[in-house]
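Chains A and B are the protein sequences, given in the same order.
Position 86 of the first sequence, counted from 1, bears residue number 86 in full-length UniProt numbering, the numbering being contiguous throughout.
Position 54 of the second sequence, counted from 1, bears residue number 54 in full-length UniProt numbering, the numbering being contiguous throughout.
The calculated lysine to aspartate or glutamate pairs, modelled on DMTMM-like cross-linking and capped at a C-alpha distance of 20 Å, are: (1) B:310 to A:26; (2) A:49 to B:240; (3) A:84 to B:237; (4) B:310 to A:126; (5) A:129 to A:30; (6) A:39 to A:59; (7) B:185 to A:59; (8) B:310 to A:34; (9) B:239 to A:142; (10) B:188 to A:30; (11) B:239 to A:138; (12) A:48 to B:238.
Because the hints were derived from the structure by calculation, they are not lab data.
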Amino acid sequence: MKSTISLYITALALFVMSCNDRNTADLAPEYLYDAGNEKVIKSIINNKKGTIAMLYGNDIALQTAQDSLLKLSPGAQYTLVTWKQKPMPQWYGTNINAEIYSVEHVNVAHRNVSGLAFDYDFKTGEGFKPGDARPGKDQQIEFITSQRAAVFP
Amino acid sequence: MKKPGLTFYKSAAIVLIIIFVALQIGSPAIKNPPVTSEIVVPKEVKQILERACYDCHSNEAKVEWFDRIAPASFLVAHDVNEARSRFNFSEWDRNPPAVQELLLWEMVNAIDQQKMPLQRYQLAHPGSKVSASELTVLKQYVNTLPGRHKVDTARIVARSLTNDKFLTQKTPVSLNGIPYSAEYKNWKIISVTDKFDGGSMRIVYGNDVLVKALKNHQLPFPDGSRVVKVVWGKQAEDKDGNVLPGNFQNAQFMIKDSKKYSSTEGWGFAKFDGLDLKPAGKTVLFEQTCANCHRLLAPENDFVFNIPTK
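Just chain A, same shape as in the assembly:
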């Protein structure tokens, strides 16, 4: 009986203490990317590479991505930000972005009367390891400029 009572007292004490048991998460603002005035086109998951990305664009790029013809226009600017994925600490069953892996920019310009020219830039982030292979330029330009915008309400 004595042990039961002491058990209850301990349990009660633990219960009261548990109300104050609150650690604070270690925030990681370095994972944020400021896309400036560019708008969201869509997010892209890649489980083979273990990455998750955001595609942003200026108004011309967004308009192109929202149009069913997807006809590229000079002046369109795109930014593809890719992060490494990691399991979300608070929820088993979700992956969330971790360190920035790379930031790619594509600008569409007039080459001459007949066609378009593309400026392409690839920057590495914290998550990019020295041995990692860089993606092919032409392939990335094609991938980035051919994305349709996600549907928003």
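Please arrange chain B on chain A, whose structure you already have, making use of the hints.
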């Protein structure tokens, strides 16, 4: 001053005994209502649930003699009632299939984070602890649920003119008074996620107040902080491993106002479903469902799951 004599202690003891006895008379009884639709899961999963969860989350509570003694009996009765109101394995069909799946993932997470079984329950019932290998069994099981590999194969429906008309006519308002607003489209992205349970991908926006707090490592978030999570289905993976957003599913809002939303940890919750942005929930109690899970699993994040953390 005269020291209290033996009679004082005697009368004190008598008073205490009377209180104790009176408490026993008023002590609540744990009743087991009939089992109407028991959960169906593989045997090895069922065994774990029965041992670790059934005393509170079912109509088959095995109440020990010491659970019946007041004042503990009041705590036990409270826990059982609360547990059954969250989910009840004996009345499992009361939840729609999608909710059943979500509850199973929530259970695994609650056990994973050692929030369940309750510490005080484990202390009195040492056999209820879920071991690491048992947690693995549960994790493996939830990964076999249909929502885990759901692919959005439907034609992608864009916002139509009818939707636009609908929106200009009337702003959808959540049952707790939070209106839908598209202002998040000008906010910063605070995280991007891939959710396995239910199969969706999400972009999470934060307003300036919240982003500033994140940059200053400030927790809890100040009043005026806002988070909007936009959710899409996932299309089938292409040959290079890319998974692209499918149809728009819903937009979820969290608004910090520690006074106004004090009953839900200082956050106002709202969810708007489909392109017509139908406010979620049948009664205002929906916000407690949101708050319960955020309260249980993300207290160290000021109750916000989708923020960048180490």
